[in-house]
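Residue numbers (the working numbering), protein chains in the order written: chain A, 1 to 287; chain B, 1001 to 1234; chain C, 2001 to 2338.
The set of hints was computed from the structure by calculation and includes no laboratory data.
All C-beta atoms, glycine included, are put in the ideal place defined by N, C-alpha and C.
No false leads were slipped in.
Cβ-Cβ distance ranges computed for the label pairs, FRET-style:
id : chain 1 : residue 1 : chain 2 : residue 2 : range
1  : B       : Gly1041   : C       : Phe2113   : 35 to 41 Å
2  : C       : Thr2196   : B       : Pro1223   : 50 to 56 Å
3  : C       : Gly2143   : A       : Trp238    : 38 to 44 Å
4  : A       : Trp238    : C       : Tyr2292   : 43 to 49 Å
5  : C       : Val2299   : A       : Leu276    : 41 to 47 Å
6  : A       : Ala115    : C       : Pro2030   : 36 to 42 Å
7  : A       : Val139    : C       : Thr2196   : 58 to 64 Å
8  : C       : Thr2196   : B       : Gly1041   : 28 to 34 Å
9  : B       : Ala1010   : A       : Thr162    : 43 to 49 Å
10 : B       : Ser1137   : C       : Phe2113   : 37 to 43 Å
11 : A       : Trp157    : C       : Leu2099   : 51 to 57 Å
12 : B       : Gly1041   : C       : Asn2250   : 49 to 55 Å
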Amino acid sequence: MDWLNAILQGTLLGGLYALFAAGLSLIFGVMRLVNIAHGDLIVLSAYVALSFGVSLGLNPLVALLLVVPSMALIGYALQRLILNRTMGEDLLPPLLVTFGLSVILQNVLLMGYSADPQNLQAGTIETASVNLGPVAVGVMPVLVFITAVVVIAALQWMFYRTALGRAFRATSDRQDVAQLMGLNRAHVFGLAMALSLAVTALAGVFLGIRTAFDPAAGGARLIFGFEAVIIGGLGNLWGTLAGGVILGVAQTLGAKIDPGYQILAGHIVFLIILALRPRGLFPRIDG
Amino acid sequence: MPDALLSLQALNAHYGDFQALYGVNLKVEPGEVVAVIGANGAGKTTMLRSIAGLLRNAPEAIRWKGQAIGALRADQVAALGIALVPEGRLLFPSLSVEENLIIGGQLGRKGPWSLPRVYELFPILKERRHQQSTSLSGGQQQMVAIGRALMANPELVLMDEISLGLAPVIIRQIYEALPGIVGEGLTAMIVEQDIAKALSVSQRVYCLQEGRVSLEGQSQSVPREEITRAYFGV
Amino acid sequence: MTLIVTRRTRLSTAWLILLVPIVLLLIAAPWWAGRADLRLMGEIALYMSLAVLWNLLAGYAGLVSVGQQAYVGFGGYLFFALTMLAGLHPYAALPLVVLAGFVISAPVAVLIFRLRGAYFAIGTWVVAEVFRLSFAQVSALGGGSGTSLSPNIVRSLADGRDAREAVAWWLALGAVSLVIGAVVWLLRSRQGVALTAIRDNELAARSLGIDIWRTKFTVYVLVSGLTALIGALIFLQKLRISPDAAFSANDWTAFVIFIVVIGGIGTLEGPILGTLVFFALRETLADLGTVYLIALGIVAIVIMLFAPRGLWGFLRDRWGVELFPLSRRVSGLAKKEA
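Make the full structure from the sequences, and use the hints.
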């Protein structure tokens, strides 16, 4: 029964990892950008929620109503002011600029909030649990998992059913021809980053409710999100959810064997999948 | 004298150190069809890319209704009412046929062209509207590319080598559709290597040779041997 | 008319001649520098080595790794293990560390070369994390809290503290000379021509029949082995190792990347110049702590956006200077006009 419980907890944890990954996957899909600062932006979201909580006395789940638009705005500005200048054939500039951004963010958070671990207090919902057959699961992890499913379904719908998604796909296909259609690439990229950071805001707040976080917590979150993307297969949003679940289950099972193995087990499963299925488990057919 | 719809005034263009156009002068008046002919590498595509805003190194040399537009981005040029049917069609592979057409009209300019009108012009596209654009034949893809430009309801449409790589019977079909397109008061600039086809649908013709205008005249009255000389530079 | 192809310029020849007294002066440092200065110079030499190596990886081979701390930590830990657990003399352990670096990085390369571009970068980070978490499990080396180098091993290097400081400095100086020498040798070899071709245009290089995978693999393995050596020397200087210090992404990757970006990526001189600038800034601004890091990040971003070839690129564009004879120049062409 312990093992079943571990698998279930890992699956639910996978929902959080899918949220880490969805934003990463989105901007890679639209503009082939890999944002090294992604994890730090997740942590930034948690701190933004913390500040809203302290200053306005908001429950972090309510604060989401402010955090999500704030992060979207930051994303749009970041893309238009800095990242768009790095977009081109050469991979190095965006990589190094987002890397620099990551170091800046970590140290700005360190200055503003110190290195002490923080936590977002969501109230009684944190400890509430429901019985699923023989095992009890927390309400919060279930809520996070459902949110991840809803977010991915919404992104999928946006991508394939809306004018914005059409613009994203067209720009991803051929940037210059998309310009000929009257799409301003700089604006389209800005919107993609805004959307990515809106998802990141959700991920950050849920992370902050689940565990303690500090300014240096971003790196691991970037890696988890990245692993979920690669396990699931590049460019496949539902695959990203599957990747998150596989990673989450690997970690909880690893922790079950020995708490020191939790993170290591996730990395090893990732490396095994990379060795056996380099394009991920569910690669997009038109690759 | 009123300003031309489009005029190029001593347009130079270069890719890095390589200069592709040398002082090209050209005018397009409202409602006319202008053909631009020239051999491979004469600078035809470069000229269209410059007008469309994809290649920006001559801010003052390109004028639209008298205003300099050479510094505008491609999307800003599109918003003025200039549409390009690019060489090689360049459809969006992730978009269906219908989505390719819809995205062509996403600026929302008013005019005669709409999805039903494009389907009327090219009925085969209606049958194939839910397919991936890359699954179509070359001729059908060219129809999508033309339809995509028309959906923008442009005032000027630039067509780059629309017969390239297509079977003669398909080329004939597409050229038969052209009068129906330009009949709506649309102005067109047609770049072609197929001289006969270009002359048959246009009123005026320019010939480019190694980046310079080597001939300008009325399509119906320019003597053949002059065209040959201007085209091949012999 | 005779065309002469040469890599030498008057400046590079002058520089190579000037290099001899500079090196002699550096070798003699224990007799003229204080203990603190000697330590600082050793640190500079080791950072310079890391920067030159990372630049070879990212600037020439296009392998932008953010996980080279994997090999710094690996080298450090292996050195501690070989001396303390296997009882080897430090001098015997050092070449083995390089060898082990080659051996461990080869399968890693096979695996992570499957990731393209920026995803490769994050893949290298995952590998570094795996190394860190694995070494944290080794209780013989202190597990998560780390261990110190036992005094008798330190004593086996030389008698007396001053002599040991001198040895540590000579090792660091030897390492940076070895690294720069190896990189110059590689860039002047056939592999170097292939590398430069890849740096300038990967597609064209491929069409010329250059085996890109093999070239990159060679560079990755070479760089990783030498990075492990530098790691061993870093922790020989520090005398203490722990997983967090050994596999620190900030210390062994972030700083190194900033050094290379500021100095000029894709040139040999860039990282050398960058290291000197980095330490000059650190010695004057380090008291500012986090502000210093923020400023470094901003400077790196600004350079990447507005002067992507860094300080050295700026100098070279201005005056066409090159200190190491790497690029071939043709002379004699002017005579044709005359």
